[in-house]
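Can you build the whole structure from these sequences, using the hints too?
As they're listed, the protein sequences go chains A and B.
Using the working numbering, you'd call the opening residue of the first sequence number 3 and step up by one each time.
Using the working numbering, you'd call the opening residue of the second sequence number 3 and step up by one each time.
These are computed hints drawn from the structure, not numbers from a lab.
Think of the CB as a built atom: it goes at the ideal place given N, C-alpha and C, for glycine as much as any other residue.
Heads up, some of the hints might be wrong.
What the hints assert, rightly or not - Only part of the chain B face toward chain A is listed, based on derived beta-carbon distances under 7 angstroms:
(1) H50
(2) M51
(3) G52
(4) R91
(5) G103
(6) A106
(7) V109
(8) L115
(9) D305
What follows is the residue order along each chain.
There are 2 protein chains.
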Amino acid sequence: MGHTSESTPTVLALSGGIGGAKLALGLYRILEPWSLAVVLNTGDDLIHMGLHVAPDVDTIMYTLSAENNTELGWGRAGETWSFMEQMGRLDGDTWFNLGDGDLALHVRRTELLSRGVSLAEITAQFYQAFGIHAHAWPMSDDAVRTVVQTADGRTLPFQNYFVGERCEPAVSGFSYEGATTAAANQHIIKALADPGLRAVILCPSNPFVSIAPILSVPGIRDALAACQAPVVAVSPLIGGEAVKGPLGKMFQELGQPAKNANVLSHYTDFLDGFVIDDTDGHEADSFGLPTLVTRTLMKSLDDRDTLATQVLAFADGLGGASAREAAGSGG
Amino acid sequence: MGHTSESTPTVLALSGGIGGAKLALGLYRILEPWSLAVVLNTGDDLIHMGLHVAPDVDTIMYTLSAENNTELGWGRAGETWSFMEQMGRLDGDTWFNLGDGDLALHVRRTELLSRGVSLAEITAQFYQAFGIHAHAWPMSDDAVRTVVQTADGRTLPFQNYFVGERCEPAVSGFSYEGATTAAANQHIIKALADPGLRAVILCPSNPFVSIAPILSVPGIRDALAACQAPVVAVSPLIGGEAVKGPLGKMFQELGQPAKNANVLSHYTDFLDGFVIDDTDGHEADSFGLPTLVTRTLMKSLDDRDTLATQVLAFADGLGGASAREAAGSGG
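Shown next, in the form of structure tokens:
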């Protein structure tokens, strides 16, 4: 596919779904075409009704192409729902909504996978079809599945927890099935080793179920630690809660304060800079690494562009692995 | 499934899609609930985009449940088309239209087949979900596929000929792949041997591509020949053409006059009575078996009911296999 070689990306963004997608969109909007590569979480993929559904892969695609459904907050704008109505009549699963147009992605993805086309290649084809001029790299072509352990002793595939049970069960832990034997998408590993790389941004996504699955794939965490470009994380917490999603609740259930320090603790081995919201400015002293305190709440498109611009400028002022080593040797 | 044993059917109708479905609907409307069993052609089933699509099975279902799309002449009433629009963007196949709601049948059928549920059982579930009080029996759970040989030396799966090439290629023959090893649906064999059976009706369907696939399944033709109930065929020709579909063209391309006698020739070994349209009344003398000449064109619901009533009354006046044997021994 010619488009993946249109140019080498200069900014790598790791993102989960909705929340992370906002900053990914800001980065996409302010950067030159093909300068951005988004590393996509496939830990919440599921085989549903025999179809391979990749929620985060598609959320980022709908967001970057401005075809996301802003009313629902997920899925495709202008969606219709005839499929689900009929599926209900046929006693099919209806706990996981699939819009009519959205379904084309899952049917086509499943068909192409069955012919031996890789998830990476399929994703590149889909993003191209949606007119997106950014690289989009699923973390692995192999299945890595986020599993939620609940306080009542169950293990739930992520979507069963997230959609099926509306995040209601208290969590006691997480695992990433298949991770130990999964192969990282080599585009990611190469980009992280590229001396021309400008920055790596961890979008404001859930550390447990959006970023951790990416980091669980062998080689990615090490490549981040060795990356010469600055690595910056934007915290998804604002005042102890995620804008959307169960992160605040998860911290509580795990017996950890829902503080930015506890987000940071997931990334200390590779992070060069941290970005938190104004609301939490008082927490910044304790981090022990450069921190940008700014408005991280993104309501408008302008908010997305502004935060993206600020985060990149912040990253540009930081060193990468060399600076980390220097800081380490000096500490 | 309790519903298949609601009662033993008294009338068996063999039918293809659109044309045959009209008479099947008439029979369904005038008979008591569960008195009708429709034997369904699966010769034009296809695996499309990885999904098992069964056009005739679904056409009869939409027709009997009055959910058929009368504007299009096929598919589901009130259909939406988001799926196909999006599939087109993704470079997926678009030559075979699948409506959004219709798609639920194919996704669910494929899912259940992959779990080992039989096509017969799935069909019974679907018809029940659509509130239909008739038995619906796919001719076989095994794949039997109608293949069209063309004058230019190609072999086309039926839907590629019918939809993909709009019946344009001249045909030179037909085959039914998989037929020799397929097992007939045993409900059909049992019903044909049931002394309580009142009549068997061949609906006005294409003999080559709707009825022949059913007859190609080992055991069904013999069971028809042995059937004690009268077997009556309604010719799909009116004035040398089918109301819809390529039958007239097929006869011409095969070098056979598009005459009712050439429809009849497909069924002589088991037929007790023949029904043709008023237009062709002059052909009736040559058939050598009881023939009802009436209006077979079905435009209104009343037309469907009237023809169904007439055909059943006609059958009631005929004998079955015993009469055929007597006629044979006397001839």
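Against the structure, the hints:
no.	hint	result
1	H50	9 angstroms, violated
2	M51	5 angstroms, holds
3	G52	4 angstroms, holds
4	R91	5 angstroms, holds
5	G103	4 angstroms, holds
6	A106	4 angstroms, holds
7	V109	5 angstroms, holds
8	L115	9 angstroms, violated
9	D305	29 angstroms, violated
Consistency with the previously given hints fails for numbers 1, 8, 9, ordered from lowest to highest.
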